[in-house]
Each structure stands twice: as C-alpha cells, then as structure tokens.
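Undergrad: Here's the letter readout for the chains.
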Amino acid sequence: MIDIVLLTLLVVIAIAIIRMKDLFAAVMLAGIYGLLSASFFVAMDAVDVAFTEAAVGAGISTLLMLVVITMTGSKEKPTRHKPFSALFVVIITGGLLIYGTLDMPYFGSADAPIHNHTSPRYIKDSMQEIGIPNIVTSVLASYRAFDTFGEVVVIFTAGIGVLTLLSVARSKENDDKIEAINDSMHQQHLVIRIISKMLIPFIFLFALYVQFHGDFGPGGGFQAGVIFASAIILYTMLFGLSTARKVINQTFVQIIAALGVLLYGSVGIVSLMNGGNFLDYNVLSSNPITGQHLGILLIEWGVGCTVASVMVVIFFNFAGRRAFQQHKKKLQDKESSAC
Amino acid sequence: MDIVITICSGFLLLVGSFLCISGGIGLLRFPDFYTRMHAVGVTDTLGAGMILVGLMILSTDLLVFAKLVMVLLLTLLIGPTTSHVLAKAAFHNGLLPKDSNNLSQAKEKENTSSIL
Chain A
1 MIDIVLLTLL VVIAIAIIRM KDLFAAVMLA GIYGLLSASF FVAMDAVDVA FTEAAVGAGI
61 STLLMLVVIT MTGSKEKPTR HKPFSALFVV IITGGLLIYG TLDMPYFGSA DAPIHNHTSP
121 RYIKDSMQEI GIPNIVTSVL ASYRAFDTFG EVVVIFTAGI GVLTLLSVAR SKENDDKIEA
181 INDSMHQQHL VIRIISKMLI PFIFLFALYV QFHGDFGPGG GFQAGVIFAS AIILYTMLFG
241 LSTARKVINQ TFVQIIAALG VLLYGSVGIV SLMNGGNFLD YNVLSSNPIT GQHLGILLIE
301 WGVGCTVASV MVVIFFNFAG RRAFQQHKKK LQDKESSAC
Chain B
1001 MDIVITICSG FLLLVGSFLC ISGGIGLLRF PDFYTRMHAV GVTDTLGAGM ILVGLMILST
1061 DLLVFAKLVM VLLLTLLIGP TTSHVLAKAA FHNGLLPKDS NNLSQAKEKE NTSSIL
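As they're listed, the protein sequences go chains A and B. Those letters in the first sequence? Residues 1 to 339, per this note's numbering, in order. Those letters in the second sequence? Residues 1001 to 1116, per this note's numbering, in order.
Heads up, a few of these hints could be off.
Stated by the list, open to error - Here are the simulated lysine-lysine pairs, BS3-like style, with alpha carbons at most 30 Å apart:
| no. | chain 1 | residue 1 | chain 2 | residue 2 |
| --- | --- | --- | --- | --- |
| 1 | B | Lys1098 | A | Lys21 |
| 2 | A | Lys197 | B | Lys1098 |
| 3 | A | Lys77 | A | Lys246 |
| 4 | A | Lys330 | B | Lys1088 |
| 5 | A | Lys246 | A | Lys197 |
| 6 | A | Lys330 | B | Lys1098 |
| 7 | A | Lys75 | B | Lys1067 |
| 8 | A | Lys246 | B | Lys1088 |
What the hints assert, rightly or not - Label pairs and their calculated CB-CB ranges:
| no. | chain 1 | residue 1 | chain 2 | residue 2 | range |
| --- | --- | --- | --- | --- | --- |
| 9 | B | Leu1095 | A | Leu165 | 31 to 39 Å |
| 10 | A | Gly73 | B | Arg1029 | 33 to 41 Å |
| 11 | A | Ser266 | B | Cys1008 | 57 to 65 Å |
Simulated from the structure, these hints should not be mistaken for lab results. Please read these numbers as outputs of a predicted model, since none were measured by experiment. All C-beta atoms, glycine included, are put in the ideal place defined by N, C-alpha and C.
With the rest of the complex left out, here is chain B (with noise of 0.2 Å):
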C-alpha cells in the first residue's frame, strides 16, 4: 500500500512540476499575450493543483490535508477567474490575438469578394 501511494503521490508532483516549467517557458516564448496567458493559467490551475494532490495524498495528518484541500479549492476558483478577467480586459480594450490580423483580412476579402 505504501509503495502505491508513494508512486502515485511521486507521479502527480512530477508532472505538476513538469506543467509548472513548461508553463513558465510558455510564458517567455509563446509569440503574444493570450497564448501567453494560456500558458500561465496551465501553471497556476492544473499544474498547482497536481502538486497539491501530491502532497495530500503523501500527508499523514487529518488537519494538513484539510488546508491542503482549501488551498487547493482556492486556487480553483482564483486561477481560472483571474485568467478570465485579464483575457476579458485586454480584449475589451482591443487587443487582438496575433494572427487574428490575416483572420480579418481573410473575412474581408470574402465580404468584398461577395459583395463583387
């Protein structure tokens, strides 16, 4: 039963970790801000809440699972929404994703092309 918990708990830690690097690669490489913002939110959602369910299921002691779990439910209910809002603010305030431009020209060229 041991080794099975250390596995798993090793497991979901290891891949935690390896969610929160590649987000923070993805956060100086990926080409504009939502893509960017993408990749931030992947770290701070999937990849913390892994290492929190790591760790509760290596935590021996009922009271540390339960601010294990807490901080775990805040981070799920704060991570997305900040996502959510930045992405809404920037789009309000016009900024478009980076190939959204060839997009729009895209859709002109069929409006004009329709309208001919």
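So here's chain A without its partners, still in its complex pose (with noise of 0.2 Å):
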C-alpha cells in the first residue's frame, strides 16, 4: 500500500518537473523527489541506500542545484521549434531498453541467477567469513571491494573535474569587503545561526556514529562521508564563502580527497605484500576475521574522507564561481555608472 502511494507521487513529480517552466520550482521539486526516493527505500528495507539518497538527492544537490540557478537565472528557455526527432530517438531507444530487459529474469522471481548462488552464500556464510553482522557492509567493502575502490576513484575524479571547470584564483582584498557584508547580515539571520550552531556538532557526531558503525548497522563510509559534509555546507550557507574558508583550508580539504583514495589503495597493496590478493583482507592479521575488521574499518574511512572532502570542494567551488561572478558584476556595475 505504501509502496503504491510512494510510486504514485514519485511519478506526479516527475512529470511536474518536466511541465515546470520556474527552474526554482523544478529543483525544489528534484529535492522533493529524492526525499520521497529516500522513503521508499527505507520501504524496501533498504536503509544504507536510503541514507545517502536523503543526503545527496534531497540535500546537496538540491543546493548545488540553486547554486547554479542564481547564476543563471530561473526561467527556461522557450522553445522555438518542436523537438520531434528527439522525442522519435528517445522512443526508440527507450523501446530497444525494454527489449533488453524482456531477456532478464522477472522482476523478484525467486529463481533468477543471483538469488541461487550469490546471495545465499552472502547471505549464509557472511558472518563466518568476515564476521560482521551487516551483510550490505560486508558485500560492499569485502567481497566487491574492488568495485567500491572504482567507485571511489569516479568521486575522486569528479571532485578533480569540478576544481579543474570552476576554481578561482581569489584575491585578498575583496575578503575583507565580503566580511564586512557579513558582519552587517549577522543580525539578520541571527535565529538560523544559532541553531545551525547548536545543531552542527550534532550533525558531526551523528556521521562519525554512521562511519565507524557501519559495520553493525545500517551506514558507512559513503553516508558518513555525505553527512560529514552536508554539516560544513550547512556552515557555509548560513556564515557565507570566506568565513567558511578561514575555517577549513581548502587545499587541506583537497589533500585529505587524495588521501583517502590512497589510503584505500595502500590496503589493498599491503595485503598484496602479505601474500593475499589485492584488497582480500584476511591476511592483514593474525586472525583472518581480526583482518577483514581491519581492512573493512581502514577503507571505510578512506571512503568516507573521499566522500566528505570531494563534496565540501565541489560546494566550495561552485559558491567560490558564484561570488567571482556577482563580483565581476559589480564592477561593471561601478564602470558604467562612472561613464
């Protein structure tokens, strides 16, 4: 029954956000639709999934999303011509993607190939094997460890791909302008503040909690790494740019992205040297399920460090391109009252 409500509201937004013609409404709506996504995975029971979607899909993006709308302006285009030749392709290769699927095994039927060997044996030998009670944790950093090490390195890489598009080199004098903005807004937004300030230490322990207890229960590196990072965002909105730099370097931030991966690799390079394959945990100690604990914490938190520092950098930059771009503007402004 719920399943059915989420999926009929799912779709109501999908086609508002295609008929909406305000790009402010749109994203607000795109933030709508994570959220509900969120929800409906929490339907499914599947919670670790959940938690990044609540974070990324209704949270960050949405922002980064407004980010960019107040530089470009919040109306759509209008279209001059009818797009039939597109709407022709997408119709197309929608139908040759259903064709595709028709091959696949129906959608829950019990004797689909991967539910008669790969997750029984998740499922039954998990616990002895890697010996923590969170199976989607142990799927995830253990046995396709190297799946979420590529996933890493894609992060890893947009991160790189943002800074390389949109970093500005700063100046130092327009700093002290951009405070003093600041100081006369403090009293404006004097209520938020304080309770983002009281609430911010919170957000944090609540992700260091889902880090370091992703193996027990639902969470981990990547959510951890989303909260982690949406407390900071959080902090830049409210006391703006250049407060939030004085308090977090950004080329540290950077450094510790890199780190991250690195710290991710080196695990698997070290069981390399202990005689195992790359990234098979058991031989990091003694003990192999003292081992898989090891490598699962140690890449979690490289996960995790990845996670938080490459989305901090991308919000850095987009509100960093955002200020040049209001900046420029004021000069220009100034030039041409002066003529």
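Taking the hints as your guide, dock the two standalone chains into a single complex.
TA: Structure follows, in structure tokens:
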C-alpha cells in the first residue's frame, strides 16, 4: 500500500518537473523527489541507500542546483521548435532498452540466477567469513571491495573535474569587503545561525557514528562522508564562503580527498605484500576475522574522507564561482555608472 | 498506576493526532501563505511533540525513551526555526499577508487625512 502511494507520488512529481517552466520550482521538486525516493528505499528495507539518497538527492544536489540557478537565472528558455526528431530517437532507444530487459528474469522471481548462488552465499557464510552483522557492508567493503574502490576513484575524479573547470583564483582584497557584508548580515540571520550552531556538532557526531557503526547497522563511509559534508555546507551557507574558507582550508581538504583514495589503495597493496590477493583482508592480521574487521574499518575510513572532502570541494568551487561572478558584475556596474 | 499511564498517553496521542489533522486541513483551507504556514507549524511542533510525549510515557525501555527524547529535542529545535526562516524569506521578498492590503490602505488614508 505505502509502495503504491510513494510510487504514484514519484511519478506525479517527475511529470511536474518536466512540465514546470520555473526552474526554481523544478529544483525544489527535484529535492522532494529525492526525499520520496529515500522513503521508498526505507520501505524496501534498504536503509543504507536511503541514507545516501536523503543526504545527496534531497540535500546537497538540490543546493548545488540552487547555486547554479542564482548564476544563470531561474526561467527556462522558450523552445521555438517542436523537437519531434529527438522524441523519435528517445522512443526508439527506450523501446530497445525495454526489449533488452525482456531476457532478464522477472522482477522478484525466486529462480533468478542471483538468488541461487550469490545471495545465499552472502547470507549464509558472510557471518563466518567476515564476522560483521551488516551484510551490506561486508558485500560492499569486502566481497566487492574492488568495485567500491572504483566508485571512490570515480568520486575523486568528479572532484578533480570540478576543480579544473570551476576553480577561481581569489584575490585577498575582496575578502575584507565580503567580511563587512557578512557582519552586517549577522543581525539578519540571527535565529537560524544560532540554531545551526547548536545543531552542527551533533551532525558531526552522527556522521562519525554512521562511519564507525557501519559494520553493525546501516551506514558506512559513503553515508558518513555525505552527512559530514552537509554539516560543513550548512555552515558555509549561513556564515558566508570566506568565513568557511577561514575555518576549513580548501587545500587541506583537497589533500584529504587524495589521502582517502590512497588509504584505500594502500590497504590493497599491503594485503598483496602479505601474500594475499589485492584487497584480500584475511592476511592483514594473524586471525582472518580480525584482518577483515581491520580492512573494512580502514577502507571505510578512506571512503568517508574522500566523499566528505570531494563534496566540500565541489560546493566551495560552485559557491566561489558565484561570488566571483557577483563581484565582477558589481565592478561592471560601477564602471558603467561612472561613465 | 497502569491505567493512569494508559489514559495519559492516550489523551496526549489523541490531542496530537487531532492537531496534526487540523494542521493538514489548515494547510489546504487557509487563505494565504502566512496562515497556512502557521497551520503547518502547529503540526510540526505541537502535534508531533504531543505524540512523542505520549509515546514516551508508554515506553518501558530506557533506550527507546532516550531516542524519543532526542527526536523531540530535534523537532522542537528545527520546526520553529524552519517556520521562522520561511516566513522571513517570504516577507523579505515582498509577500504581504492577505488582509494587510486593507491595513496599508487604511494607513495611507490616515496619513493623507492627517496631511489634509
């Protein structure tokens, strides 16, 4: 019943996003879409995914899109032509994709290959082999450690891409001006600033809990990293970019992002040196179970570091580009008024 | 003792649910943004808070009780703050309450009459 309600709402919101001309409303709806998907994942008992979706889909990505909208304007360009050829291509591609899924086992069917040998193995043996109660974490961090390594590298690459495209060399002098504006805004946002100051330590604490409790309950490096980053982003939004940059050194954050990937890879190298396969944690310690625990703890830590710092770097660069643009516009206005 | 606990928690749960439902109706039926937000604020803070307190009285486990206290503190902090921020943003962007039109007109009349 709740599945049907949630799915219907998802479809309605998706159609509303397509029909919406106002981009601001579309972004807000996208945030609601993320939140609904998160509740849908909770209803399907995939709490680990729901965590990430709630933080990224409803929180950080919405914010990034909002920052972009303040730079580009919030109205959709009117389309002059009817894109029938594009519709044709989309329909054919969609039809082919659906045709491709016909070979796959029916959704939820019990005799699909994955339910015959992979899943039972994880469910039955992971407790003896890995020794941690959360099967999701043992699959993600130990059985499929190499895939997860790939994911972390993808996130790291995304961070590098944003840095390459958007990073702005900032000048020292306009920092003081921004600070003056910040001081004048201090009266304006008093309530929300005080409340968020009270809440941010608890968000950090919760992120650390999710990080280190990932072996026993829902959570892990990805979730913890995103929650950690969202606390820092909340601070940046309320206290201004230059203040946040004083608190959190961006160069340091970039180094942390690289160190996370390095830590993950080094665990693999160490297990190679000790005579096992790449990312085979059994050889990390004399007792295989202890080795598994140690390996999972270390690589989750690496994942958390990389995810959190890449998120912070992406947000800093988006917001920095916006501040740069506004500063430039102000200068232009001054010049034109002087003329 | 048991019956007192049951009656207390039942009463709190009922009032909380009533407030939540009335908040939902208010969201649909109230005339303008601010009154609607007021209705939602009631749902967020008082309705949810009363339901949580009712559940707290019922809970026998200390861990459950502690978790409920944390959720209550969180809603008490966040609910009013979000309402405040929303209202402030709306007012800042020039959205006036619906009846303030008459108000401002009345003020203008006063001003003009005083000038005259």
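Undergrad: Can you name, in rising order, the numbers of the hints this structure does not satisfy?
TA: 2, 3, 6, 7
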